[in-house]
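So the chains spell out like this:
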Amino acid sequence: MQHDILDRYSRGSSPLHRLHSKAKVILAVLLLLFTISLHPGQWIACAAVAAILMLAALIARIPVSYLLRRMLIIEPLIVTMALLALFRPDGIALFLMTTAKANVCFFIIIILSNTTPFARLLDVARSWHAPAMLVNIIALMYRYIFVLADETERMQRARSSRTFRSGKRVRWISRSQIIGQTFVRSTERAERIYAAMCARGWK
Amino acid sequence: MNTALEVKDLRYRYREGKEALQGVSFSVEKGECVGLIGPNGAGKSTLLLHLNGILPDPLPRESSIFVNGVPVLPDSVHSVRRSVGLLFQNPDDQLFCPTVYEDVAFGPAQFRFPEEEVRSVALTSLATVGLEGFEDRSPHHLSRGEKQRVCLAGILACKPGILVLDEPTSELDPRGKRNLVTLLRTLPTTKIIASHDLELIVELCPRVIVLDGGMIVADGETRAILSDEALMLEHGLEKPHILRHLHPH
Amino acid sequence: MHVPDGFLDAKTIAATGALSAMGIGMALRSGRKSLPPSRLPLMGVGAAFVFAAQMINFPVIGGTSGHLIGAVLVAVLMGPTAAILVMTSVLIVQCFLFADGGILALGANILNMGIVAPLAGYAIFTGVKKAIPGNLGIVAGAGFAGWCSTVAASLACAGELAVSEIAPWNTAIPAMANIHMLIGVGEAIITMLVVVAILRARPELIMSNASVNVPQRPVTIAGYILIVALALALFVSPFASVWPDGLERVASTLGFEHRAVTSASSPFSEYQFPGLSSALAATALAGVFGTIATLLLTIVIARLIIPRNRKK
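Chains as they are written, first to last, in the numbering used here: chain A, 1 to 203; chain B, 1001 to 1249; chain C, 2001 to 2312.
Just so you know, nobody snuck in bad clues.
Which chain B residues face chain A? A few, computed with CB under 10 Å, are given here:
| hint | residue |
| --- | --- |
| 1 | 1053 |
| 2 | 1082 |
| 3 | 1103 |
| 4 | 1110 |
Derived pair list, reagent style SDA-like, types lysine to any residue, alpha-carbon separation capped at 25 Å:
| hint | chain 1 | residue 1 | chain 2 | residue 2 |
| --- | --- | --- | --- | --- |
| 5 | B | 1177 | B | 1137 |
| 6 | A | 168 | C | 2057 |
| 7 | B | 1018 | C | 2206 |
| 8 | A | 203 | B | 1059 |
| 9 | C | 2011 | C | 2171 |
| 10 | B | 1239 | B | 1195 |
| 11 | A | 203 | C | 2034 |
| 12 | A | 22 | C | 2021 |
| 13 | C | 2011 | A | 41 |
| 14 | B | 1008 | B | 1056 |
Simulated from the structure, these hints should not be mistaken for lab results. A virtual CB, placed ideally from N, CA and C, is assigned to each residue, including glycine.
With the hints as constraints, model all of the structure from the sequences given.
Quick look at the structure:
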């Protein structure tokens, strides 16, 4: 699995990368709030936010091709959800504005996650006194996401190399079994992690 | 008192019923480096987990293990863990923090080192294992050998008096292994090393304990024991190549 | 069902945020008491597990494929309190790392998939498990709960979009409900197959976990019920009140006035049933029939797939 598509550029050294994580989170939320408050027709404001973001991407040296690729992945979801707006009387304008707003908001999050490593975001959460239990679960999850994703991928490959029938029913059953087995392994892994945490003084 | 570790008639049965340890006794002097060998399923890992109170769970009221003379009991287990650093087999399970620095600093922070010392000891430990500048890396992007070295740094950062290592070279390439041997030689701590890598044991440990079926079947001078081909064969082991040259028949 | 930013308006963001914060707060409170420290790694790895499970694609029709949401699976495997914390973590990581779901919409997404889905699902799972003994009850209960939770979460989601004035009530809710009644079938089948796989390999994992960290204190239970009820009342019930006259008229013609009130606030009252003239009655009837049919279907499937030697 290609892991670094998510936050490939998060470890850069641009001024934006060096900006304090707290400041970036606050800026992102403010920009998001501004964007969602726009009404149909406020195109200039929407374009202004987009321009700021393009500038930010430029400063952070995030390539346009990468941004476009990420946008393309999310686009079907945004458009499908925005289609619902067409059923309203002011439909077309609302549809266009909602699509634009959603894209701009997505852009904001992409810039944030590509200029701030996830571990720094966790530091921000800790310094804002987010509940320790939740932050710890998230930190552990972040650590093991790709370990487990790789594990399921290996299991899927191993299975398909031994399977000759490939009906839909067979695939549903075998993939569910992979999920089940991943859970069993996860509980065993969790026990070993707990032992390792205890060994280094966790209570 | 010079005994770092004393184990008296240790028995352990897993909940599934398997009797993993059936009366294990030995003691280790301060500064000693002891190898622990035996076939798969001999009980090596189970024994090591006992040495800093991971097993049995929950801890009993009476202990058959004494660390620096202190029995491993529920009240003392935290300080026992402070003085026994345990390196596990699978580095992925042991590296549970999002970044290398956080992981190495985890132990010192849990053991309530002063804040500045946490930082300095974490950085020194990373330097000791040759991983300066890796602080912000996420464990997922490390090679297996690098992961194992971060694990070791995480243990060293707790400044334990006794190092217990379970298969420390399983993920290392020859150069990584060489570096580890050099590193372990320079550490003055008491060491217990469980490994299938008998050449490592010969190089580092003057004394070796052979475990099979949950019992100690031999305990003594490494070269003498590892040269005893009958004993080695009986317990699923093999006389290492370096010893063949030293003791030609 | 991850709502991106740009769809919800400020009042919806505030309301869903407040409800989610309440739910998470209660889960943390009762988790601190009922979850021993040794469960923390399991919740962290469990969250990673949900994510990995969501990445596995199941072929549907043509080239399309679907995947598990997992809220009920986690509730069944780890208990409801842990499920809220695990699903919340999954959604937070998906938001910040994958930009899957918005930051401002996080409250809504957590409310739908992290609170309403596992809680409603767990309540239904427990009900079915009590009614049908043995593994059959566990498997069928998990499947039916998986379907219900998917539909309930989608209704809350549709309601949030409607309250935000993105979509009109009379299209948003039926559209989302219809799609998710189908998606829910996939969720139900996968959930059942996974539960069966685990029952085969390590039955004790389900037996021991299915009843842990169930909130015991009446205050907590009441609080959870209140949050789910508020979520559905705020974001779903306005749909029923769009046509209050229609509801009453249909209720009297069909002769179940006393049911009208319950079906108005019930999450299953909004589906289209072809051939009937009144839209709302059709929706209500379709909902009831769909729910009963799904329950029966899950029992039949569960009977087919449960491990034979353990059948009781």
